[in-house]
Amino acid sequence: MSHLQELMQSLRTFEKETFKKGMSLVIKNHEPQEIIDQIFTPGLDETRNRYYQGEIAIPELLLSMQLLMDLLSHLDIKQVGRKRGNNKIVLGVIEGDPHDLGKNIIKRMYECYGFQVYDLGKNVFINNFAEKVRETKPDVVGISTMMSTTVSKVSKAIELIKMESSSVNVIVGGAFMTAAVAEDIGADAYAESAAVIIEETDKILNKTK
Amino acid sequence: MASVIDFTISLDISDILRSLGYTNAEKSSHETMHKIEEIENEFSNIFQCRSIYRIVDFSLKNNIELLTKTGCIESPRIISLSQKATRLLIGLVTLYNFDKTECDDLLYGYILHGIGTAAIGKAVDLLLNRVELETGLHTSLPFSPGYCDWDMTSGQEFILDSVDPSVINVNVVPQSFIMLPVHTISFVSLMGTEEMDGTPVIFVI
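The listed protein sequences correspond, in order, to chains A and B. Take the position in the first sequence, starting the count at 1, then add 40; the result is the number in this note's numbering. Take the position in the second sequence, starting the count at 1, then add 1; the result is the number in this note's numbering.
Careful: at least some of the hints might be erroneous.
[Claimed, not checked] Just some of the chain B residues that point at chain A, by a computed CB distance under 10 Å:
id	residue
1	Lys-28
2	Leu-108
3	Tyr-111
4	Met-153
5	Val-168
[Stated by the list, open to error] Computed cross-link-like contacts, DSS-like style, restricted to lysine-lysine with a CA-CA straight-line distance of at most 30 Å:
id	chain 1	residue 1	chain 2	residue 2
6	A	Lys-61	B	Lys-70
7	A	Lys-56	B	Lys-28
8	A	Lys-60	B	Lys-70
9	A	Lys-202	A	Lys-128
These are calculated hints, taken from the structure and not from any lab test. Every residue, glycine too, gets a C-beta built ideally from N, C-alpha and C.
Looking at chain B on its own, in the form it has when it is part of the complex (with noise of 0.2 Å):
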């Protein structure tokens, strides 16, 4: 059964500045933090996101394909790294209330874009986090179709058969698999009793 989670989240100047593409903090202008404050204060820094996450057994087929009731995943990344897992989390998250319409201010369009894709990328962390005190179980980074070696299609054809995004009011476009709002990831993360290292893989907004 597919769990729901709700998530606040407050964002630190430096998870924004690196989701902006900084490399190094002193580099941003006055008038860029000036615009990074006015979208923290608009939304009181409080982002608003919602999960969706279903815990399942699986099983690897001549180490090329890893099963589960409801799809197999045919990632090397992913069949490497389970190795030391025993269960699969697959996941959808999403940021509500936050996509914006049209806006001319194309810097501030893009500042709140990587605000959003901050507060995204960190309610993944806590959900994780929350599963790991939970079940007890390390979990791994992140992993999102499309990237690595993970096939887009396929991937989001087995995350989308395996949690319901209607539940969390994610709409899927047919075909090119985008949800809406642009702010949601959908990944999965291998769990297991030993620490999960891999490079970390999400989805970039």
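Excised from the complex, chain A in its bound form (with noise of 0.2 Å):
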């Protein structure tokens, strides 16, 4: 079994010392593209269909992730092309919600795959995601929010940044929102999960280019 080999099939396994010390020799023999190519974007693919078919929980979701992310940070990240690099996405929990552990791991998903992620935090005012518009100028805004009673401050923020710029797409998700919920408050999108946040985000983009 190569050096590659091996690193994915700790991935697999979640065994995070032998992926750290399988990566120590995938980074001295192997060039950074390659393992963008062989490890990075094969693993990360292959473990949120993982999640997404029940295979794994959202624990080995996250390992697989931090495990990715570290080997990035290996590599000279200069040298290496990503797809989605130009990509940026403001991402916020809406006023008056304290849960930001669903938004923290789809950042998590989005800086996996390459997006530039600008995080707001969680009980976010709704003027700051406009705000954060006319600065950034991004992609996508993503607004979560775990409460029905905050889903009509979810709806006066997307429409303070489609005030603000009309292009921006707006993807929301959260306990209590769904695909009727996510269209009648005049969002561009909706994710049900971090297994499909990058497809629903993709569609999105692919239908603005």
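With the hints as a guide, dock the two chains, each given alone in a separate frame, to form the complex.
Have a look at this one:
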């Protein structure tokens, strides 16, 4: 088994120490682009798919992303091509809601896939989303809420964002969101979980190209 | 009059794994198990919960409203289950000394949250068991506002008008009705002489 195959295997079995040892060997013996193409991208896609299929749970998804980001941090990023390097995302949990665990998982997923993320945090005032849009000119704004009582604020935030920039896309998620609610409040897309966030984001990005 | 009770919770690994979303314990990795152990040890597997509850009489109006002295519940599911009930328990349970400030390790944060959720769920079970022993009545599974067919806003208003959250140091965010500490559950449970069946609909923190 090659170093690359061994590293991929330790990622599949979530063996952190083995992965870290294998990572050193791979970095020493392979070009950064080869590592991205043969480990990072397929490893991320495979892990996300396993989570989507119910084969693994969120802790293993997080662990895999952590290992892959650790690998990435050891590569000279300027030497490697990342598919979505120019896409910018503003993320935040709406005003009145302190639940940011889901948003943080989404943020990690975006970072793994190479998006440039501006994280506004939790309990974000509705005006702050529009202000960040003005400042950073993102492709997408992601808003999350876990509560039904804050959905109206998401709606208001979307209105302000669209007033600031009609071309920016808004994607929403959270426990009380559904595709129907997302449409009602004027969002461009809805993501049910971290497993589908990249596909949903790509769909709206491709639509606006 | 409302009663306040403290609970000390110890968790089984199966409680924690279920809370973390595992349907099959074999699926959890060595690293996940290690993190769980690390957090359990940090708290010595002792989680402190505080509860406040009140048991009240109720009446039904046209089989669409459940009325108490402090308000009403309009949830077809709860109304349906109440046909066999004679009293209503209204409760709040919170896990204190647990919330942590920002944590960079997402895996650690997720597991910590799962452990908190498991602990608070177990505290609700203990409270209901204790009330059953004290009153000799059966309790239904807990129902939380925002789930099933019970509206979040009116449900939270009903509960918070019935039991004072400040007594157990729970703060409620205006308008959104989010309760802090985050690991806090508001719920009602129907009580009666017959066993209460019904789908468990508890607030997922």
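Problem - Restraint status (C-alpha distance of Lys-202 (chain A) to Lys-128 (chain A) at most 30 Å) - result: Answer holds: Lys-202 (chain A) to Lys-128 (chain A) is near 16 Å, not above 30 Å.
Exercise for the section: Starting from Lys-56 (chain A), check that the Cα of Lys-28 (chain B) is at most 30 Å away, please. Expected result: holds (16 Å)
Practice task
Assess, step by step, whether the Cα of Lys-61 (chain A) is no farther than 30 Å from the Cα of Lys-70 (chain B), and give holds or violated.
Solution key: Status violated; Cα separation ~66 Å.
Problem - Interface hint status, Met-153 (chain B) versus chain A (Cβ within 10 Å) - result: holds (5 Å)
Handout entry: Hint consistency between Lys-60 (chain A) and Lys-70 (chain B) [alpha-carbon to alpha-carbon, up to 30 Å]
Key = The given pair, whose Cα atoms are some 62 Å apart, is violated under the 30 Å limit.
Problem - Minimum beta-carbon distance criterion (10 Å), Tyr-111 (chain B) to chain A - result: Hint on Tyr-111 (chain B): holds, closest Cβ of chain A at ~6 Å, below 10 Å.
Practice task
Have a go at the Lys-28 (chain B) hint: is there a Cβ in chain A nearer than 10 Å to its own Cβ?
Solution key: holds (6 Å)
Practice task
Mind checking the CB of Leu-108 (chain B) against every CB in chain A and telling me if the closest is under 10 Å?
Solution key: Nearest chain A Cβ about 4 Å off; hint holds.
Problem - Interface hint status, Val-168 (chain B) versus chain A (Cβ within 10 Å) - result: Since chain A brings no Cβ nearer than about 21 Å to Val-168 (chain B), farther than 10 Å, the hint is violated.
Comparing the model with each numbered hint stated earlier shows that hints 5, 6 and 8 do not hold.
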